[in-house]
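Chemist: Here's the letter readout for the chains.
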Amino acid sequence: MTLFIEQCLNGLQFGLLLFLLAAGLTLVFGIMDLVNLAHGSLYMLGAYFAATFAVMTGSFVLAAVLAVAATLVIGMAVELIVMRRLYGRDHLDHVLGTFGLILFFDETVRLIWGPGGRSLPVPSWLNQSIEIIPGFQYSAYRLAIIVVSLVVALFLYVLVVRTRTGMLIRAGASNREMVGALGVNIKLLYTLVFGLGAALAGLAGLMQAPILTVQIGMGENILILAFVITVIGGIGSIRGAMVAALLVGFIDTLGRAYLPELLADVLGRSAASAAAPALSSMLIYILMAVILIVKPQGLFPAAGAK
Amino acid sequence: MHKALLAVGAAMLLAAGPVSAQQKSVKIGFVSTFSGPAAAIGNDMRNSFELALDHLGRKMGGLPVEVIYEDDGLKPEVGKQKTEKLVESDKVDFVAGYIWSNVVYASYKPIVDAKTFLIIANAGETRLAGANCSPFIFSTSWTNDQNPHAVADYMNQKGVKSVYLIGPNYAAGKENLAGFKEAYKGKVLGEDYTTWPSQLDFSAELAKAKAAKAEAVYMFYPGAAGVQFLNQYAQAGLKGSIPLYTTFSIDSLSLPRQKDGAVGVISALQWAADLPNDANKKFVGDFKKKFGTEPSFYGAQSYDAANLIASAVAGVKGNLSDKAAVRKALEKADFKSVRGDFKFGSNHYPTQNFYMQQVVKEGDTYTQKTIATAEKNVPNPHAAQCSMK
Amino acid sequence: MSGTLSPRNAVTAALVLALVLLPLYVAATGDRFMLTLFTRIVILALAAVSLNLILGYGSMMSFGHAAYLGIGGYTVSILAFEGVPSGFIQWPAALAVSALFALVVGALSLRTRGVYFIMITLAFAQMVYYLASGMARYGGDDGLSLDSRSQFAGLLDLSNKAVFYYVCLALLLGSIFLVWRLTKSRFGLVLQGTRSNETRMRAIGFPTFRYQLAAFVIAGTMGGLAGALIANHTEFVSPAMMFWTRSGDLIVMVVLGGMGTLFGPVYGALALLFLEQFLPGLISASVRPFNPAGADKAGEYWQIVLGPLLLVVVIFARGGIDGLLQALSRRTDRTAGAGHD
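Chains as they are written, first to last, in my numbering: chain R, 69 to 374; chain Z, 1385 to 1773; chain B, 27 to 367.
Do not take every clue at face value.
[To be verified] In silico DSSO-like cross-links for lysine-lysine, where the CA-CA straight-line distance does not exceed 27 angstroms:
#: 1; chain 1: Z; residue 1: Lys-1773; chain 2: Z; residue 2: Lys-1499
#: 2; chain 1: B; residue 1: Lys-187; chain 2: Z; residue 2: Lys-1499
#: 3; chain 1: Z; residue 1: Lys-1716; chain 2: Z; residue 2: Lys-1760
#: 4; chain 1: Z; residue 1: Lys-1707; chain 2: B; residue 2: Lys-187
#: 5; chain 1: Z; residue 1: Lys-1760; chain 2: Z; residue 2: Lys-1571
#: 6; chain 1: B; residue 1: Lys-187; chain 2: Z; residue 2: Lys-1773
#: 7; chain 1: Z; residue 1: Lys-1665; chain 2: Z; residue 2: Lys-1760
#: 8; chain 1: Z; residue 1: Lys-1408; chain 2: Z; residue 2: Lys-1712
#: 9; chain 1: Z; residue 1: Lys-1542; chain 2: Z; residue 2: Lys-1753
#: 10; chain 1: Z; residue 1: Lys-1493; chain 2: B; residue 2: Lys-187
#: 11; chain 1: Z; residue 1: Lys-1545; chain 2: Z; residue 2: Lys-1565
#: 12; chain 1: Z; residue 1: Lys-1499; chain 2: Z; residue 2: Lys-1716
#: 13; chain 1: B; residue 1: Lys-187; chain 2: Z; residue 2: Lys-1475
#: 14; chain 1: Z; residue 1: Lys-1673; chain 2: Z; residue 2: Lys-1745
#: 15; chain 1: Z; residue 1: Lys-1545; chain 2: Z; residue 2: Lys-1597
Honestly, the hints are just simulated from the structure, not real lab data.
Chain R on its own, in the form it takes in the complex (with noise of 0.2 angstroms):
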């Protein structure tokens, strides 16, 4: 049962972590209406930032808000020099631009940082394990990714459903046209929402780097991951993103850890081992499939999205 508990909180991190990337994501897309691959680098700037930074500063957690601010002015810059030429193009063209961003970023990191990647470690006070419940230990750095990732979830929900900023974001999803002719600067809001859908990508891509190391290509693979939840979310909706990132979360991390068992009776041991994993991550993407199937814009569509 314990380990039953593990899994689940496991996959809950994992979720809330996907969540924090597919939230800027689905923002840029379901306001700005671009597609952007190069998302993944702003998930890896972040971590690598936060690995200099803690080196310089000694601190995890002053490296950490350094970080997000440099992803920040990063994810602006990009908006301002690439991104605002490719609006209103067709979503072709930002498929294959931002493809060659991912190979410009991937290969000016390895310039600057060296193809060795980094490691960022964790603080030694959350380098432990805690008593959840009486004979219960779970990872106190996890536990942290957490509360953090439901923190900035409740902020962005705040900043979307209680703010004049929010509101705007929200008529951006649904009708940009009449956003502009509202006399608003939309110009500044596509740069504000982008650098902070930046920043979010960028404390995913640190937070998940203790775990995980900081590497060229890390956000490669987990990309697609975030656009799956976009998609199966419907495109611009925060709350959508939020379920299916959970969904996501869970079925990676609950398939890896059952399916081995389960197969096991109907394949034999070493063949289940070989195919569970490939099969755990097949059924994320058969989930999509039929939910797209069955609801072509996604579980909660944006309202007026076309």
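Given chain R's structure and the hints, the job is docking chains Z and B onto it.
Modeler: Positioned in the frame of chain R, the structure of chains Z and B alone reads:
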């Protein structure tokens, strides 16, 4: 436009590889990973190979040496393409290197078909030592199942009664765990294979290992994944409560990033930086002087590969066109290996000792100390399946 | 294509001629690697031509085209592994399986539009990717080696590199011819009409869904053929050939060469593989005068040039290489006013 491209391409190809009728130099192709997360391994191999050439005065059997390094990007089909270029376009005399089992298995055929010699400096693909062995294939390393076999032997000696296994789901991973299970006499309480190389979060597997209450955990994760595994092992609260054994997951490249996570972990290798022979002292000392870091076992095997090739070129007095003579000279292995005595078995894989090493912290530095000799003079276990056609 | 000898047509003719004569050059210089490289270029050009049929002419933005290459390749390799070496069985099987897969994927995906279509085609490709890495019997993640190339009862010896090259080239030219016939037919006109205004086409009474699905299946089948050729060329298949970045590479080829043009994908494949092969050398050569020691290392960073190059093409040169050639043709031959499409 394409004409210009063609012209440029043709000119560059011609500039890259003029075909010489006479043996004027020794041409060696070296395939490894120089980009992406595993590039650190490739760089270490290249540095060691270059160091060996420096020690040889950049000459073999009186001929100048030319090395062409190619990056496989950790992809089998890219490795194969680069290998074909080396064999068909550059017309090299030897191809050396290869970190990954799947890359070398995809690439070996064009080398052997062209009657070029392949010196594997790491990848331990078992089929190339057994059923698919060839007179043109030599190895300065091991097969994937040998080192885990040594670890299991050591654990048997220590009386470790149960173990949980975790490894990546690709050829080397499966062969590694299979090698362990073959020798281990205690109880295997569970085994997990993870998607390679994309899965880097081992929380689900570690949770199961913890719940299984095994006496020890054995794992195999080369390169950056090994760093992640050790991080997560500590975060899951397993470090200190369940001893960890491994192979190929801790080396001088990853140790500076693994740090405290690696302290106490035990692994088995055929070579160690503290082996007390003269060739090794020279290699380790000069490597530290030139590159400022400790060499890894990848480097040690590459250093041996360069010296093995040099011994063969000298043995045939630079006449590399006589393939049978080159092969005989290679089989003699007439060079000073950094692992001590070196000789080939019938399948061209070394017969060697395996040493147990444990990570210790001395002041601010982390190193691996040799604590025991697990197995002595072990021939490669796949020689029986090798008919050497 | 206009009948006049515009620079664009001249370049196309020179390209085809160069491709046909390449084995003679190789025989003269002994540089067999050129043949290996160009066989790969020709096969990937075939894959790009197939993607161009739906992407360029049909405006169906498939982000999972590498799956068909994988399916074709795996069908050939699995049959060979199970003791069926005959190409007369392997190749039709590869075509049939990829056609069937395209039919299923197309029928389900074409219910969605825009970015959802992109993502659902990607999802299906990822499923095949993971399926292949889960098949322990066929090598899983490591892939599967082919012991010998497909056998055609002594009629064709594919292990001869020049013969294999000509087979690939003939299939490429045949595919281009097929695409040309298709786009000139009523079928092609409806397909292209759907691209510009689907509602109108449907209002006129064309069953656009069926036309699009047919194009999707044809493209998938041609992709499967390219996969069968790749398996024979590298004598090796692995799940990596279906990873999403490979589908991205194919899109890059089509757009770099020129979408919705006959020979654009061929230019694109040629350009991308030439960049991959020679850009590192070019960078090294241009760095060497300034920094001889770092020159070799600099070449390893060639993607730092390729990435922005793609962006520049997207932002400033939408027509790709073929678009540049067309612009060149227009400038030299303003009066002819040939209508390109």
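Chemist: Against each hint, give a clear statement of whether it holds in the structure.
Modeler: Here is how each hint holds up against the structure:
no.: 1; hint: Z/Lys-1773 x Z/Lys-1499; verdict: holds, 13 angstroms
no.: 2; hint: B/Lys-187 x Z/Lys-1499; verdict: holds, 18 angstroms
no.: 3; hint: Z/Lys-1716 x Z/Lys-1760; verdict: holds, 21 angstroms
no.: 4; hint: Z/Lys-1707 x B/Lys-187; verdict: holds, 25 angstroms
no.: 5; hint: Z/Lys-1760 x Z/Lys-1571; verdict: holds, 25 angstroms
no.: 6; hint: B/Lys-187 x Z/Lys-1773; verdict: holds, 25 angstroms
no.: 7; hint: Z/Lys-1665 x Z/Lys-1760; verdict: holds, 21 angstroms
no.: 8; hint: Z/Lys-1408 x Z/Lys-1712; verdict: holds, 22 angstroms
no.: 9; hint: Z/Lys-1542 x Z/Lys-1753; verdict: holds, 18 angstroms
no.: 10; hint: Z/Lys-1493 x B/Lys-187; verdict: holds, 15 angstroms
no.: 11; hint: Z/Lys-1545 x Z/Lys-1565; verdict: holds, 13 angstroms
no.: 12; hint: Z/Lys-1499 x Z/Lys-1716; verdict: holds, 19 angstroms
no.: 13; hint: B/Lys-187 x Z/Lys-1475; verdict: holds, 17 angstroms
no.: 14; hint: Z/Lys-1673 x Z/Lys-1745; verdict: holds, 22 angstroms
no.: 15; hint: Z/Lys-1545 x Z/Lys-1597; verdict: holds, 11 angstroms
Checked against the numbered hints above, the structure breaks none of them.
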